[in-house]
Each structure stands twice: as C-alpha cells, then as structure tokens.
Amino acid sequence: MSFISHLINGISLGSVYAIIALGYTMVYGIAKMLNFAHGDVIMVGGFIIFTFMSTLGLNPIVSVLIAIILCTLLGLTIERIAYKPLRRAPSLAVLITAIGVSYLLQNLALLILGADSKSFSSVISLSSLSLADGRLIISGETLVTIPLCIVIMTTLNIYIRKSKVGRAMIAVSEDKDAAVLMGINVNKTIAITFAIGSSLAAVASALMFSTYPTLSSTAGAMPGIKAFVAAVFGGIGSVPGAMIGGILLGVIEILSRAYISTELGDAIVFLVLIIVLLVKPTGILGKNIQEKV
Amino acid sequence: MKAKLLNMNKSTRSNLFTVGVIVIVYTVFQTMSTTGNMSNLLKNLLVAMCYYSIMAISLNLTVGILGQLSLGHAGFVCIGAFTSAFFSKIMVNTIDNTIIRFSLAILIGAITAGIFGVIIGVIVLRLSGDYLAIVTLAFGEIIKNVLNVIYIGYDSNGLAFSMEDTASLNLMEDGVVIIKGAQGISGTPRNANFTIAVILLILAYMIISNFINSRSGRAVMAIRDNRIAAESVGINITKYKILAFSLSAALAGVAGVLYSHNIATVQSTKFGYNMSIMILVYVVLGGMGNLRGSMIAAVILTVLPEYLRFLRDYRMLIYSIVLIAVMLYNWAPACIEWRKSHSLKDLIGTVVGKNRKEKKGA
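Heads up: the sequence lines are chains S and D, in that order.
If you read the first sequence in my numbering, its first letter stands for residue 1, the second for the next number, and so on.
If you read the second sequence in my numbering, its first letter stands for residue 1, the second for the next number, and so on.
No lab work stands behind these hints: they were computed from the structure.
Watch out, some of these pointers could steer you wrong.
Listed below are the simulated DSBU-like cross-link pairs for lysine-lysine, each with C-alpha atoms no more than 35 Å apart in a straight line [what the hints assert, rightly or not]: (1) D:K270 - S:K280; (2) S:K188 - S:K84; (3) D:K340 - S:K84.
Label-pair distances were calculated between CB atoms; the ranges are [to be verified]: (4) D:A229 - S:R167: 34 to 42 Å; (5) S:V62 - D:G129: 37 to 45 Å; (6) D:M91 - S:S54: 52 to 60 Å.
Even glycine gets a Cβ: it sits at the ideal position worked out from N, Cα and C.
Let the sequences and hints guide you as you build the complete structure.
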C-alpha cells in the first residue's frame, strides 16, 4: 500500500514538473534557447501568492489569478528586454543572458523579501481522501494537481494544433524565415509563447509550494533544473513529451527517495536521464533529425 | 637575439607574451604582498584568482576549441579537490617533504579527474548541443551528490567505507575519519601558495596553448567547425573529442587541487552547477577560444565582487545587471551595428589620418 501512496505522490510531483517543463519546451521549440530564468519565475510566482494570500489576506484563488497575471507580465518583460535584442546572436550568448536574468530575479527577491525562508500556506483547502480503511491517504493537493495537469496539457495541445496562434507557433519553430514569408509575426508569436510559459509557471508555483511549503529566493532553481531535465527526457520541443518526461521524473524521484536513498534521489534522477539519452539521444518523443551533407 | 625573436612563429611569440604578462602581474602582486602594500582582502584572493583562471582556460578548451557546451565542469574540479585532499591527509605523516607530497597530490588530482573525463567523455560525446549540456550538468550533479554521502576513514586495519554515517565505519580507537559526508574533508595541509598557483597557471596555459597549435588541436578545431567535413578527410572524431575533453577535465582537476590545498576544507556542495555556470560566465565574457580573455575575465570577476562589498546587499544584484548589460552590449546585433558606426578605430582614423591597429581592451 505504501508503494501505491509513493507512486501517487510521484505522479503528483511529476505533474508539477510537467507544467514547468512545458514552459521550457515551448520556448526551446520556438526560440531555440534555454530559458534558465524560468525556474526563478516560479519562485516569483510563489512570493506573489504568498504576499497576497498570507500578508494581505486575499482569497487563495484570487491570489493565484493575480500571480498568473503578474508572472505573464514578468515573462513578457524579460523577453522584451533581455532576449529579444539577442534573437540573432549565438545561443551561448543568450544562455548566459538567461543566467544573468536568473541571478537578477533571485537577488531582487532576496533584497525585497529577506534571507529567511517563508512558510507557504496551501492554496488548496480540499480535505484529503482516505482509501482502504485509512491505509492509503491522498492529500487534497494531489487531488487537484493531477487532474489540473491533465486539463492543462490537453487544452494546450488542442490550442497549439487548432488555433491560428498555435499553428503560427509550430510554423515558427519549424522554419523562422519561411514563417515570416507566410505573413506570421515572429516576434509576437515568440512573445505569446513566453507569456503562456510564464503563466504556467505561476500555476506550477501555486501547486508546488502548496505541497512543499518552503519558500526562499533560490526555491525555484532546483525544480527549474529538474523540469528542464524532464523536458529533455521527453524530447525537448514536444508538449506530450514534457508531460511524459515530467511524470516519469517525479515518479523516479519519489520512489528512489523512498526505497534507495533520500540523499541520492537527485543523483538517481540524473543517472536515469543519462541512460535514457544514451539509448534515445533526442529524448523519448524527440524527433531524430538526420544530418545531411 | 632580435632576429631569433622575429624568426619565432606567431604562436610561440604570443605564448611568450602571455607568460610574460602573467610573470609581471605575479611580480607586482608578490612585491605588494611582501612589502605590506596589499589589503588582506586581495591577499586572500591571490590563489583563488589562479585556480579560477585555470578552471576558465580548461573549460575554454571544451567550449571554445572543441565547441561543446559543458555545464558540469565543477564536477571535475570537485574530483581533483577531493582525491588530492584525501591523498594529502593520508600521507601527511608518511611523506614529510611538502614539495614531493604536494606534487604527487597534484598528479593524483589531475590523473583522476582526467580518467573521469575519459569515462564521461566516452558516454556523453555521442550527444551534441543542448543534450550534451544537460548530460554534463547531470554528471556534475551526480558527482556532487555522491560525494555528499560518502564516509571514508582509516585505522590500523586499513580503509573503511560507508554511505550511512561516521558510526557505521566501525573504526578502531586509533581510526580517523577523512571524508565526513556533507562536511567533506577538513584539515587538509595548506600547501598551496601564490607562487605555486602561478606556476601551475602558466603550465596549464602552456599545455592548452600548445595543444591548440598542435596537429591534434587543429583536428579538434576542424571537428568544431564542420564535423562532417572533418570526418570525411579522415579525422578520428571520437578520439580527438575525448582527447580534448579529458585534457580539459584533468586541468580542472589541477584547479581543484589548488582549491582544496588553499582553504583546507572542501565540501562537495560547493561544486554544484552554480560553480560550473560561474566558470562558463568567465569563458563567455572573456571570449570563446580566447585563453587570455578567459584569464582576464576570471581575475576581474574574482576580485570585483570582493571590492563591491561596500554595496552590501546590492552587490549580487549589480553583478547580475552588469552581466546582462555586457552580454547585450557584446552580442546584440543592434549594439554591434552601433559600435561599428561609433568605433574608436574610425574616430582615431579620421583624426590621425591612418587606421592604427586598435588595441584590444580587457
């Protein structure tokens, strides 16, 4: 029974990783850049919710909505100021700029909110579900996280495949120059991608900090890296890949923490990633592009 | 003498120039330090400047020359630091001569890191681009996490190993715990000093610079510029990739040896991906493939945060803003345009009437 409980916790954590990984994977697919600051947008989202909910006493759902709006604006601002001027620069230059943005967000948070970590109170007031005579308890957070993740994934997948903006995204990710010739506004499409990614980061922060309530200026860094790993795991650039990668990663992490070693959980996650990439160098759902002379 | 200098080939002259500058800087700093004209703050950073420079030039070999993005360089530094500190602590009573012991420690650190470079290189160099970056990141984190839970001690029965805690080593009464999990290794003899560090920096520079200008180095750059073309003229891609990668790892190991023998305490958590990123920032700011640039960037960025301490809490904030601004200034096409139309070269050119060769600034 404890195995099932760990498995469910793993899927729940994995769903959060999947939502964060979406931000990475969509931005990578379109702008071909690793947005290292994405994890820190999650941290900012957490602090916004914390401020509005715990300090100002607003309704949790209103706080989350405010966080979504502010994070979207933050994502757009970052894109406009730091990434847009570098659109035609080498990818390593953009990567270092993204790292700079990440440091900037962390240090701003440190300055404004101080070095002590805050205790985040859950935004979800659902009581936990008790199954099999109380031997299997599923927390309210898990009950919300997993279905919400599935809803977000399906909606996003349909949105990308069916809507005009979504198809513009696919076009830009396949061939930027050809997309321009077809009358697609590339800058606008990239900005929309950043906006979607950042708003999802706010949702992820609400879910993640509800389950793991320690909030500090570096709280976004490790989940950010793990979500990035999840995106690569599933095949970077692919939306269903991010979902599969995220959930697998969450399950592996929780199970190895429970059964192998608490401290080595991260190491095992990374080891599995290496093995997967050796067998399938472009991730589980990644496209294998043959290099031509 | 003058004729000899002119007959030298370009790379030898450029090497001599760089080594000369390092020696001059060393002499100035050393004189300042011995005559007491140097603040304690800077004194404490002298060795650090050298090992960060070594880390930067060794990573530049992977990123700039081999053309592969590595985010796990700190992992190799970590291996060098731990193995050499382990060796020094065990041998501190056996080998009395400091120079011999420290030289052996350097060798051991370099070789172990190099071996790990080969092992990891064989595995990861099949991948390329961002996938390679994430796998090197993964390896760096694995090395850090595993060293974080290892306990090794020794007593009259020999070495004991555990991944639980100090007690489960079951040491005799005369036993000593060397690696204490998250606390790492403490009390390493502080054998590193500025002179040794500078000598190692010059050695590392000469090794990399000669490698770049050798047959192997040209093969590596050919792979970077066009893998398929290089393969079709008969260059063994795997061999040269692994050669460059493991050389880079071994030199990172040397930097690790300096690190652990400078501050006497090593903890694996210090060698996380933040350190790898920091080294990468040195390389990118100094210019990829430019060893001198890496060293200058490493020295400036090691000293600068210490001198910005008066800004207190705003220090890292300003650091990050400067980093973003420099990247935009260096790489944004709009900025490059602007710099071209307002370049110093043209301004001097119009004033003096001829285009003088513009000196490259730091």
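Failing hints, ascending?
none
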